[in-house]
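Undergrad: So the protein sequences, as listed, match chains F, L, U and H.
The numbering of the first sequence is my numbering, which starts it at 215 and goes up by one.
The numbering of the second sequence is my numbering, which starts it at 215 and goes up by one.
The numbering of the third sequence is my numbering, which starts it at 215 and goes up by one.
The numbering of the fourth sequence is my numbering, which starts it at 215 and goes up by one.
Keep in mind that a hint or two might mislead.
[As the list claims (entries may be wrong)] Cβ pair distances, simulated, as ranges: (1) H:Glu296 to L:Leu254: 45 to 55 Å; (2) U:Gln259 to F:Arg320: 16 to 26 Å; (3) U:Val321 to H:Asp273: 16 to 26 Å; (4) F:Glu263 to U:Val321: 32 to 42 Å.
If you're looking for bench data, these hints aren't it; they were derived computationally from the structure.
Virtual Cβ for every residue (Gly too), placed ideally from N, Cα, C.
There are 4 protein chains.
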Amino acid sequence: MAFEWPVRIYWEDTDAGGIVFYANYLKFFERARTEWLRSLGIGQQQLREQTGGIFVVTDARLRYLRPARLDDELIVTAQLQETGRASLTIVQQALLNNEQAPNQPRVLLSEGTIRIGWVDAASMRPARIPSTLLEQLS
Amino acid sequence: MAFEWPVRIYWEDTDAGGIVFYANYLKFFERARTEWLRSLGIGQQQLREQTGGIFVVTDARLRYLRPARLDDELIVTAQLQETGRASLTIVQQALLNNEQAPNQPRVLLSEGTIRIGWVDAASMRPARIPSTLLEQLS
Amino acid sequence: MAFEWPVRIYWEDTDAGGIVFYANYLKFFERARTEWLRSLGIGQQQLREQTGGIFVVTDARLRYLRPARLDDELIVTAQLQETGRASLTIVQQALLNNEQAPNQPRVLLSEGTIRIGWVDAASMRPARIPSTLLEQLS
Amino acid sequence: MAFEWPVRIYWEDTDAGGIVFYANYLKFFERARTEWLRSLGIGQQQLREQTGGIFVVTDARLRYLRPARLDDELIVTAQLQETGRASLTIVQQALLNNEQAPNQPRVLLSEGTIRIGWVDAASMRPARIPSTLLEQLS
Numbered sequence: 215m216a217f218e219w220p221v222r223i224y225w226e227d228t229d230a231g232g233i234v235f236y237a238n239y240l241k242f243f244e245r246a247r248t249e250w251l252r253s254l255g256i257g258q259q260q261l262r263e264q265t266g267g268i269f270v271v272t273d274a275r276l277r278y279l280r281p282a283r284l285d286d287e288l289i290v291t292a293q294l295q296e297t298g299r300a301s302l303t304i305v306q307q308a309l310l311n312n313e314q315a316p317n318q319p320r321v322l323l324s325e326g327t328i329r330i331g332w333v334d335a336a337s338m339r340p341a342r343i344p345s346t347l348l349e350q351l352s
Numbered sequence: 215m216a217f218e219w220p221v222r223i224y225w226e227d228t229d230a231g232g233i234v235f236y237a238n239y240l241k242f243f244e245r246a247r248t249e250w251l252r253s254l255g256i257g258q259q260q261l262r263e264q265t266g267g268i269f270v271v272t273d274a275r276l277r278y279l280r281p282a283r284l285d286d287e288l289i290v291t292a293q294l295q296e297t298g299r300a301s302l303t304i305v306q307q308a309l310l311n312n313e314q315a316p317n318q319p320r321v322l323l324s325e326g327t328i329r330i331g332w333v334d335a336a337s338m339r340p341a342r343i344p345s346t347l348l349e350q351l352s
Numbered sequence: 215m216a217f218e219w220p221v222r223i224y225w226e227d228t229d230a231g232g233i234v235f236y237a238n239y240l241k242f243f244e245r246a247r248t249e250w251l252r253s254l255g256i257g258q259q260q261l262r263e264q265t266g267g268i269f270v271v272t273d274a275r276l277r278y279l280r281p282a283r284l285d286d287e288l289i290v291t292a293q294l295q296e297t298g299r300a301s302l303t304i305v306q307q308a309l310l311n312n313e314q315a316p317n318q319p320r321v322l323l324s325e326g327t328i329r330i331g332w333v334d335a336a337s338m339r340p341a342r343i344p345s346t347l348l349e350q351l352s
Numbered sequence: 215m216a217f218e219w220p221v222r223i224y225w226e227d228t229d230a231g232g233i234v235f236y237a238n239y240l241k242f243f244e245r246a247r248t249e250w251l252r253s254l255g256i257g258q259q260q261l262r263e264q265t266g267g268i269f270v271v272t273d274a275r276l277r278y279l280r281p282a283r284l285d286d287e288l289i290v291t292a293q294l295q296e297t298g299r300a301s302l303t304i305v306q307q308a309l310l311n312n313e314q315a316p317n318q319p320r321v322l323l324s325e326g327t328i329r330i331g332w333v334d335a336a337s338m339r340p341a342r343i344p345s346t347l348l349e350q351l352s
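Bound-form chain F, shown alone (with noise of 0.2 Å):
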C-alpha cells in the first residue's frame, strides 16, 4: 500500500491560469518522499552527517491530468517501486481529496515515476546505498 501526504494548495502553488503551477508537483512529490523516509525513521538531515552521502532525483516522467485550484486539498503518495544498489524509484500520485464526499473514489491529478539517486554530498558522485538504509526500506 501506497504511503500518503495530505498536501493543502495555497496562493504560492498557483499561477495565472488559475491553476498549480506543474513544476509544484514536484515539490509536492518531494514533500511525500521526504515524509516517507521520516515514517520509516529515515531523517535526510541526519543521514547526511551520519554518511555524507544525499538522495538527487535522476529521472522523473510526469503526467498531468487534471488541474488542482486554490484551497484544494491532494493526497500526494510514494510507493516504492524498485530498489537497486545506487539507487529507487517510487512511483506517487497526486489525488484530489473531495472533503464533501471522502467515500467517492479521488480523482487522480497527476502522477511520476521519480528515480533518486545516492550520491556523496561533497563530490555529488554516484555511490551504493548504505546498507542500514536499505534495510529500513525493506
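For chain F, the structure is supplied; the task is to place chains L, U and H on it using the hints.
TA: Just chains L, U and H now, with coordinates in the frame of chain F:
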C-alpha cells in the same frame, strides 16, 4: 536549430544540497518555451485575451545528469519536435555556459521532453490550437 | 492568543546557504493567514466567487533572527492586530518547534507585520471589506 | 544612481489572482542585489570559498503599490544606502518597464529596504564584512 535562452542561477534556485533544486528546471524550461514563443511573435497573455485559450503541460520526461550551482549561467534550449492539433512536443536542454572557456563544448546538465496541450482557460478542456498560432509555429 | 500553524521545512524551502531562503517566510506567513481565515470559516476561493474580491498584501515588515534548516518544524502564528475598512494588519511569527524538548520555550526565528488590503479581483482596486467578513473576523 | 536589472514575469511568478505573488519580489530584489554585487566584481560563491562568509538578510520592509502580470518586464533597482561594519542597507524598487512607451516615466510597483548582514557560513554568526569587500562597495 534550437532556440537558446540564458538563465542565471540565484540563491532562490538552490537548495541545502548546494545545487539547483530539481523542480526548478521545470521553471527554466518554461521560461525558455515562453521566450521561444515570444521570438515567434506569440505573447501568451495577449493570446489568452484574444482566444480564451492557454497552453498547459500534459507530460514531462526529465533526466538530471549533473548539478548546477549558485552563480552558474545556463543555456536553456527549446526545440519543437512534434505538432499535433491540440498539443506540441518540445525537447529542451539545460547546458552549463562555461564563461571562462566559451569555445569548449557545453556540458549537458539536464534535459526534458515536454508535451503541452491547448485548453480553454475557463473550462480547462482540451481544444484545437488556433490555426494562426500553428502557422506562427511552423 | 495567536493562531498557530505547523510548517515543516523541505528541500524546496532551503538554499545553498543550508538555511531557509528568506522569501519563503512570506509563503509560510501566507499559509498561516489562510489557515487562520479558514479556522474562522473563511475560504478565499469561495469568498472570491461570492464577492469578487480578494486580499492582497500592501505592506510587510520582516525581521530575520535565526535560520531554519532542512527537517525543522516551525510553528507559524497569525494574530489580528488592527482592522480597518479596507485593510487588516496581522502580526506573525515563525518559531522553532523543538520536538525533542516540547516544554522548552520556542526560539523565535523570524517575525513579520503584514498589512493586507481588500481589492476587487478584476480591477485590483481597493474596496471595503464585506461586512459579513468583518463580522467573522471579530 | 541606482543599479538596474531587468526581470521578466513568467508563469512561475504569478498566482491565481492573476498577479505576481508577493513573496516573489524578494526573489527579484535578491537577483538585483546579486547582479549589483557582480557588477562590482563580487561573486558570492567565490567570496564564500575565499572568506567562509555569506550575506544573509536580517530586515526587510516592503511596500506593494501596484501589481505586475504575466509577460510584464520589470526594472529592479538596488542602491546602497548605508554601510556598517557587519551590515549593509540597500534600497530597492521594482518598476514597470513600459516597452511600448520607453520615454514615459516608469510606474513604481513595489519597493523595499533590505538590510543584509555578513555571517560566517558555518556558524551563521555575525561577523565583520571583509575590508576588501567594503572597498569594492565604496
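Undergrad: What hints, given by number in increasing order, does this structure fail?
TA: Those not satisfied come down to hint 4.
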